[in-house]
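Number of protein chains: 2
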Amino acid sequence: MEQNRFMSPEMKEETGRRIEALQRLMKDSAYGEPSALLIGSNANLFYASGRFFRGYVYVPAQGEAIYFLIRPTVFGEAPNIRYIRKPEMIGDLLNEMNLKLPEAIGLEEDELSYSDITRLRKCFPESKVVNVSALLRRGRMVKTPYEIAEMKKDGLHQAAVYHKIPGLYKPDMTDLEFQIEIEHELRLEGCLGYIRTAGNLMEINMGSVVNGNNADAPSPYDFSMGGAGVDPSLPVGADGSIMHNGTTVMVDMNGSFNGYQTDMTRVWSIGEIPPLAMKAHECSRRILRELEQSVRPGMEICELYKRSIAIVEEEGLEKYFMGHRQQAGFIGHGVGIELNEQPPITGRNRQQVLENMTLAIEPKFVIPGVGAVGVENTYVVRKEGLECITPFPEEIENLL
Amino acid sequence: MEQNRFMSPEMKEETGRRIEALQRLMKDSAYGEPSALLIGSNANLFYASGRFFRGYVYVPAQGEAIYFLIRPTVFGEAPNIRYIRKPEMIGDLLNEMNLKLPEAIGLEEDELSYSDITRLRKCFPESKVVNVSALLRRGRMVKTPYEIAEMKKDGLHQAAVYHKIPGLYKPDMTDLEFQIEIEHELRLEGCLGYIRTAGNLMEINMGSVVNGNNADAPSPYDFSMGGAGVDPSLPVGADGSIMHNGTTVMVDMNGSFNGYQTDMTRVWSIGEIPPLAMKAHECSRRILRELEQSVRPGMEICELYKRSIAIVEEEGLEKYFMGHRQQAGFIGHGVGIELNEQPPITGRNRQQVLENMTLAIEPKFVIPGVGAVGVENTYVVRKEGLECITPFPEEIENLL
Chain A
0 MEQNRFMSPE
10 MKEETGRRIE
20 ALQRLMKDSA
30 YGEPSALLIG
40 SNANLFYASG
50 RFFRGYVYVP
60 AQGEAIYFLI
70 RPTVFGEAPN
80 IRYIRKPEMI
90 GDLLNEMNLK
100 LPEAIGLEED
110 ELSYSDITRL
120 RKCFPESKVV
130 NVSALLRRGR
140 MVKTPYEIAE
150 MKKDGLHQAA
160 VYHKIPGLYK
170 PDMTDLEFQI
180 EIEHELRLEG
190 CLGYIRTAGN
200 LMEINMGSVV
210 NGNNADAPSP
220 YDFSMGGAGV
230 DPSLPVGADG
240 SIMHNGTTVM
250 VDMNGSFNGY
260 QTDMTRVWSI
270 GEIPPLAMKA
280 HECSRRILRE
290 LEQSVRPGME
300 ICELYKRSIA
310 IVEEEGLEKY
320 FMGHRQQAGF
330 IGHGVGIELN
340 EQPPITGRNR
350 QQVLENMTLA
360 IEPKFVIPGV
370 GAVGVENTYV
380 VRKEGLECIT
390 PFPEEIENLL
Chain B
0 MEQNRFMSPE
10 MKEETGRRIE
20 ALQRLMKDSA
30 YGEPSALLIG
40 SNANLFYASG
50 RFFRGYVYVP
60 AQGEAIYFLI
70 RPTVFGEAPN
80 IRYIRKPEMI
90 GDLLNEMNLK
100 LPEAIGLEED
110 ELSYSDITRL
120 RKCFPESKVV
130 NVSALLRRGR
140 MVKTPYEIAE
150 MKKDGLHQAA
160 VYHKIPGLYK
170 PDMTDLEFQI
180 EIEHELRLEG
190 CLGYIRTAGN
200 LMEINMGSVV
210 NGNNADAPSP
220 YDFSMGGAGV
230 DPSLPVGADG
240 SIMHNGTTVM
250 VDMNGSFNGY
260 QTDMTRVWSI
270 GEIPPLAMKA
280 HECSRRILRE
290 LEQSVRPGME
300 ICELYKRSIA
310 IVEEEGLEKY
320 FMGHRQQAGF
330 IGHGVGIELN
340 EQPPITGRNR
350 QQVLENMTLA
360 IEPKFVIPGV
370 GAVGVENTYV
380 VRKEGLECIT
390 PFPEEIENLL
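Protein chains in written order, with numbering that gives the first Met the number 0: chain A, 0 to 399; chain B, 0 to 399.
Please note that the accuracy of each hint is not assured.
Intra- or inter-copy, both count: the list cannot distinguish identical chains.
List of simulated lysine-lysine pairs, DSS-like, C-alpha gap at most 27 Å [as the list claims (entries may be wrong)]:
id, residue 1, residue 2
1, K169, K121
2, K318, K85
3, K11, K151
4, K99, K85
5, K85, K278
6, K85, K305
7, K152, K278
8, K163, K127
No lab work stands behind these hints: they were computed from the structure.
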């Protein structure tokens, strides 16, 4: 059974490449030069192994990673797999394998709890501790060809479902009923039904469908458009209102089919919408075309933000941009294993655009009384510009 | 708009009761006697406010809680609401409100990241720091009448959907197709589509449907029955196999409708199943009847486990109990805002059963070649025994 094999030969090769990328970053003084990493957060375990398990991945400065598995315990014997009951066993096992204990151990201080890190620190009493959350975010930010291929599959699946969206609409439907039918089609297409996010502050179900003024409900999360949701315990997305004539409905739903995900937003209208909404939607598309043409590896991330803002200001649409009652301070973000990866595309981010980054770019507007407009695509940064991997028509189609 | 009001009068009264319960625990030396709590994790923010927001709740030793809001910023002015951009502002604001800075500040070291706690500690440089994760878990473990009423609504909604399950089955369906149709009905019934879990190690979409031998796929998570899932990035639930004649299908799906949730499992069969499976299912029901009758406040939690094991051994079913290839070491758990709350019902837990705890009890068996059997109900602990709040027939109905 496949479920009894920890890694296929293909995945062993692929994770080997990722581990090597991390090892190169470990030599970079910007990341504190840890002599080994001990990875224990879900997204990073997946990155380093191609699967989820409970346990740790130990990445030495050179050579193969060692996988310490707590659960499940069914993956047989292999030179780089050890079964443990608790992290306190790791030190002795490294000794047994004739591996020197690290001078500086890298731990994920932004992801693991204070209690977990305190416990792991005690497992390496002689080692200096380095926070390697940023190193791992940096490693995952640039995708391998395998990862890009996985994300391209996500984009095609997501687009296939979006093609069905007009057929799901029925007059006098609520936004929530519409969202539920889209979720159903996504699941039938193979969507895993879960959105992995970074940080513990973002909770979301299958994504967000926002109609009319609900697009302007201020979100507690760092979402571009929140929506009030139907319950204060999960204030995101559809609020259960009937979708009235003259409004828009923005669909920003789950693109996770394989541990990776694409992020893609399209807008439909219920009947005719005012010229201001059409103008703002076209402004969003103009921004995307401009960035697709002009973005190159080496550019500063904040340039993307500044060029977008310049276009918005030229069109006099500032007060609707990225929200109206509450405006978000970004126009996009990295995406991959988690929905909100590095880099955030803000006006202050001076990180460089790098080849094979995957970016979700989402210049959006909220037009009071109408709803949200704008387009979001996921792109791969290539030498010659941005490659869109969420291919789907961008025009606002009237559902009536 | 309701979304502009931070708390209804009813919720103010309700959260007042919860805050007072926390304040009583703050005087208990078992919890380190913090002089104030600063709450920042999602589940505890919801407990202390009745909604999700980004920010903190400050609970002094006596008097009302103070709500420090980062996002959203739309809840108007109130004596106990302050808008902040960052936690470093909290100390000065407390001073302005003539509140003495706490001698011992309680932080959630099991929930917040090492980096977050390190930052919050610096906001209270003169204060001793106490880990109050256990205090908050203990506070939430015993439910208020309001919380129990919310959970009773969950149980009725969940049961209403389970009644539709036989009508969703079609011959030669895969377990995944079956799960997707159940999810769809849950969402139409008002299920929020998200399962809040404690700890960062449990990832789940809408729950778990396991058929046949997939019930025996060892889970990386602390689930009683995992299922392999369809992708190694989310190894839980249906694996996409066709549900064959002579197997069982166990449905353990999302019961979250209002920020609280019930946990409920029922089993159906595809055709006839062997006597051993029927016997194990009846054993599960016998355990539940025994516990419903005998459990009382004041009893040790481990007693529930021991009585269950005694019945299992009497029937000679040990090797199938709580899994087969990999067995779980519990027969249930607290449930409420999070799926896996305190207390875990294990053989070692010497905590006392308390009135108004809500417990999910799930004695389950895996029969090789057949699948999982057993029942899970959510109960409220009453003076006179356990009150079931997931009312639904427990017999195995044949779907063919």
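(message) Tell me the hint numbers this structure goes against, listed in increasing order.
(response) Going through the list in order, the structure violates hints 1, 5, 7 and 8 and respects the others.
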